[in-house]
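Those sequence lines, one after another, are chains A and B. Numbered according to my numbering, the first sequence spans residues 2 to 334. Numbered according to my numbering, the second sequence spans residues 3 to 196.
For the record, the hints were derived by calculation from the structure and aren't laboratory data. We put the beta carbon where it would ideally sit given N, CA and C, even for glycine. Check each hint, because a few of them may be wrong.
Said to hold, decoys possible - Some but not every residue of chain B turned toward chain A, in silico, with C-beta under 7 Å:
1. His-96
2. Pro-100
3. Asp-174
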Amino acid sequence: MPDPLLYFQATVASAIISAIVVLVIAMLGRGWEYTTQIASALAFVFGVGVGCWLLNWQIVFPPATGLDRLFIVVLPVVLAVELIASAGVVPTTVRQTMRILLAVMIPRVLLHGSVYISGADDGWTLSRLLLTLGISSVLLVVVWATLSPLASRAVGASTSLAIGLALIGCGMTVMMAGYIKGGVAAMPIAATLFGTTIAMLPRARCGGGSATAGMRMAVEMGVVALFSLLFVGHFFGRLSAISAVTILLAPLLCWVTEVPILRQENPWRIGVLRLAVVSIPLVAVLYFAKGDFDRKMAPLLVDNATASNQRFGYCVRQLLVRSSPQPHLLQQR
Amino acid sequence: MRQFLSFWTLTLIVGLSIHSRGNQCSAADEYDYDLVHSSVSFRARHLDISWIHGRFNEVSGKFSLDREAPEKSTFELTIKADSVDTANAARDEHLRQPDYFDTKQFPTIQFKSTKVKPIEGGYEVTGDFTMHGTTKEITLVMKGGNEHVFKDVKRVAFSTELAVKRSDYGFDKNAIGPIGDEAQILIDCEGMRK
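Excised from the complex, chain A in its bound form:
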């Protein structure tokens, strides 16, 4: 049963914890080159971990569902690869190859053991499966490669925030499509991105090159999480392909501010403009998702709401009856 208060608490806790982790590590590791990368990675681990813990997540090992595989396999592996890549000990070509391999593996890992792979669904031939995996991997590589350089710019924080917005849009859309747990999963990740980015902002403004490296890591983790949640929402839930692709590609609109006229603008203005532009397709998707929810899912909840209102009304009436002066008691007095 959806519990908006619990989701809000988990989201806020994730944001606060990730911000605290970034600030503490930044303080302790001053002068060390890879401080922000480590801070960004640990903020992700602690922020998402605390959020999931507050959401009373059931960790299943070995992972049985797409969502389990995302949290137990995909995100830790991507985090490890990004940490190795950001350490600077591996050549750029190896780094890029590792990322491409990850992008190829992630869709396959998320679908592991499902009807798409096992052949239990007659409509899923091998060629259709390979085509789907191929297109998905290409989409992930494109979004990953396109947003990563933007995070390295002076206004890189807005890229991370734009992915956070896309994650929130993804969570709400997946939830409205009827997959509550899949939608809720996006909230702690989005909050962690917000917390990490806001905590790194002062350092980035002071011109810290390492701060942009930390933000780049946050962006890369955010892109993988966004892609994976949409992928799981589409293949295991009822999220439409058009909504999934629109949400995934929405952060690419951050590139709008790279046109020569806007490029020289104040960083704050660029940041606000990026978030505004990215919000447009997200709001459109949410609008259609809400319409779909009202038509298909809301009738199921109306009965619950009515019953709940009836119970609420009964409780209120009982309370009023008990608190009001009882005529027969007054007469006795």
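Given chain A, put chain B in place with the hints provided.
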């Protein structure tokens, strides 16, 4: 002569033994699940005040009944989780999602017997019940077993009920909500001899 006799004695013993085994095999009748005259339905509490009823429309299975050695009988049932039907298309769609049956990940619900014991009026069947990717050993009391020949086809039917807690089978505890944790599954199964 002695060697000749011992050879034939051996042949006779082996032949008799194979024949008796053949008889044992033929004692078990094999039946296919008759989808037309069977049903797998369920009910679960709603808000703890009423019951929601539903059924699975796609079920397959088989069982072999050995009247002489009942412990050799076997029962198998496979339910296609995607075929859930609660007379409300939107709810059925919701039940197929990962918060409930997760039919893309766990397409079937299965039962496979491991031990069969005859009891009065039927059989006590112990076996592995797999739902939502989790397997647990359960014991079913299968009532019935009477035979009827209809248009030259021998038919046998059984009925059983079981109560399962969704939380025991890895369903998300947070999604249990207004629909109760416990669900009752009612199986009425008619088999046609192969």
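In ascending order, which of the hints set out earlier in this document are inconsistent with the structure? none
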